[in-house]
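Novice: Protein chains in written order, with my numbering: chain F, 1 to 106; chain H, 1 to 242.
Honestly, the hints are just simulated from the structure, not real lab data. All C-beta atoms in this analysis are idealised placements derived from N, C-alpha and C, irrespective of residue type, glycine included. Any given hint could be a false lead.
Unchecked claim - In silico DSSO-like pairs for lysine-lysine, Cα to Cα no more than 30 Å straight-line:
hint, chain 1, residue 1, chain 2, residue 2
1, H, K192, F, K35
2, H, K111, H, K130
3, H, K23, H, K138
4, H, K18, H, K130
5, H, K23, H, K44
6, H, K214, F, K28
7, H, K138, H, K18
8, F, K35, H, K18
9, H, K105, F, K84
10, F, K85, H, K192
11, F, K28, H, K23
12, H, K192, H, K233
13, F, K85, H, K23
14, F, K35, H, K111
15, H, K233, F, K35
16, H, K105, H, K18
17, F, K58, H, K233
18, H, K44, F, K58
19, H, K130, H, K44
20, H, K44, F, K28
21, F, K35, H, K44
22, F, K85, F, K58
23, F, K35, H, K214
24, H, K192, H, K44
As the list claims (entries may be wrong) - Pairwise CB distance ranges (calculated):
hint, chain 1, residue 1, chain 2, residue 2, range
25, F, L106, H, K214, 37 to 45 Å
26, H, A83, F, I25, 17 to 25 Å
27, H, K214, F, I72, 13 to 21 Å
28, H, F227, F, K58, 17 to 25 Å
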Amino acid sequence: MNNTPFSMIMVLSLTTAALRLIPFILFKDTESAPKWIQQLGGKLAPALMGMLVVYCLKGTAILSRPFAIPEITSIALIVFLQWKKGNMLLSISTGTLCYMAFLHIL
Amino acid sequence: MKSGQNHLHNSRFGEALKVAFPKTIPVMTGYLFLGFSFALLLSKQGYGLEWSLLMSGCIYAGSLQFAALSWLSSGPDFLLTAALMAFLINARHLMYGISMIKPYKKMGHLKPYLAFALTDETYSLVCSGKVPEGINEKSYYFIISALDHLYWILGSALGSLAGHWLSLDLQGIEFSMTALFVVIVTEQWRNKQNRFGVMIGIETSFICLLLFGKSYFLIPSMILILFSLLIVKNPQEKENNA
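Given only the sequences and the hints, what does the whole structure look like? Please build it.
Specialist: Right under this line is the structure:
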């Protein structure tokens, strides 16, 4: 039997838990923690989220029909809604429905 | 005597609950919705309720769980990439932990759980380090952390059941994952300091995607992103320092 999903979940759980527990084990107070650790943690988040957007779109075909039109339109809609309204639930559900509608039509 | 102490303990817990619960309501809506979406996608891949409970209970990290959806069936040679991804995606938790060392100092046997449950949203509720007057600190922090965790698990359970019982035409629902990351990036963009990092992330991974192909671009992307962030100076930061 393939037990990779279970191993995968354990690896992800342990890595995440370690990151959350380590500061409390290693450092006596906030001041004694090295500055660069704190800065790197803050800098990585935006870059990794940018990478995950690319990761999600990695299978999109740009050069054949429908030329990524569903993706581009839906993403534009999500960015617009989020920027104007700042309501995550609204942006995600509207954007996803927009994409699903495209798949139905095309 | 003993029952008197219990009564005292219960009423303090009750008071803390009364103060803490309303604060968690915004997280409740967000976690129920995202947990639901996550588990719906998971169940579409053929993983049932037990898997969604295991993931949401043990990993308890939204972005990572969404990203991991496509890794579950990818074979053991992907475990190392996954660990590296988990480390980089969640490295920001080091920062949260470091800033909570003092407020969580006297939490005793609750401390490991409070540290484990320190997600972005929970952190945003406890990061002030201030507990309302007359409220027991331990109860307050525990209630906030445990409620948020429960919302996430509950949302995941509901999503898993919905995916299993509703036979809707859900073609394209997987786009909700893309939508989530687009929303996060849009929010990051509001803060000018983050724009440099977002651009590094998008550009680096896009170039790596073209160079290495979609099966192998994650590791080179992560290494290059790490290097770029360490070496190249954020122009926005320079401006602020000057």
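Novice: Against this structure, judge whether each hint is valid.
Specialist: Results of checking the hints against the structure:
no.: 1; hint: H:K192 <-> F:K35; in the structure: holds (21 Å)
no.: 2; hint: H:K111 <-> H:K130; in the structure: holds (17 Å)
no.: 3; hint: H:K23 <-> H:K138; in the structure: holds (16 Å)
no.: 4; hint: H:K18 <-> H:K130; in the structure: holds (16 Å)
no.: 5; hint: H:K23 <-> H:K44; in the structure: violated (33 Å)
no.: 6; hint: H:K214 <-> F:K28; in the structure: violated (43 Å)
no.: 7; hint: H:K138 <-> H:K18; in the structure: holds (14 Å)
no.: 8; hint: F:K35 <-> H:K18; in the structure: violated (38 Å)
no.: 9; hint: H:K105 <-> F:K84; in the structure: violated (40 Å)
no.: 10; hint: F:K85 <-> H:K192; in the structure: holds (19 Å)
no.: 11; hint: F:K28 <-> H:K23; in the structure: holds (29 Å)
no.: 12; hint: H:K192 <-> H:K233; in the structure: holds (14 Å)
no.: 13; hint: F:K85 <-> H:K23; in the structure: holds (22 Å)
no.: 14; hint: F:K35 <-> H:K111; in the structure: holds (24 Å)
no.: 15; hint: H:K233 <-> F:K35; in the structure: holds (16 Å)
no.: 16; hint: H:K105 <-> H:K18; in the structure: holds (24 Å)
no.: 17; hint: F:K58 <-> H:K233; in the structure: holds (28 Å)
no.: 18; hint: H:K44 <-> F:K58; in the structure: holds (20 Å)
no.: 19; hint: H:K130 <-> H:K44; in the structure: violated (42 Å)
no.: 20; hint: H:K44 <-> F:K28; in the structure: violated (45 Å)
no.: 21; hint: F:K35 <-> H:K44; in the structure: violated (43 Å)
no.: 22; hint: F:K85 <-> F:K58; in the structure: holds (28 Å)
no.: 23; hint: F:K35 <-> H:K214; in the structure: violated (35 Å)
no.: 24; hint: H:K192 <-> H:K44; in the structure: violated (38 Å)
no.: 25; hint: F:L106 <-> H:K214: 37 to 45 Å; in the structure: violated (22 Å)
no.: 26; hint: H:A83 <-> F:I25: 17 to 25 Å; in the structure: holds (19 Å)
no.: 27; hint: H:K214 <-> F:I72: 13 to 21 Å; in the structure: holds (18 Å)
no.: 28; hint: H:F227 <-> F:K58: 17 to 25 Å; in the structure: holds (21 Å)
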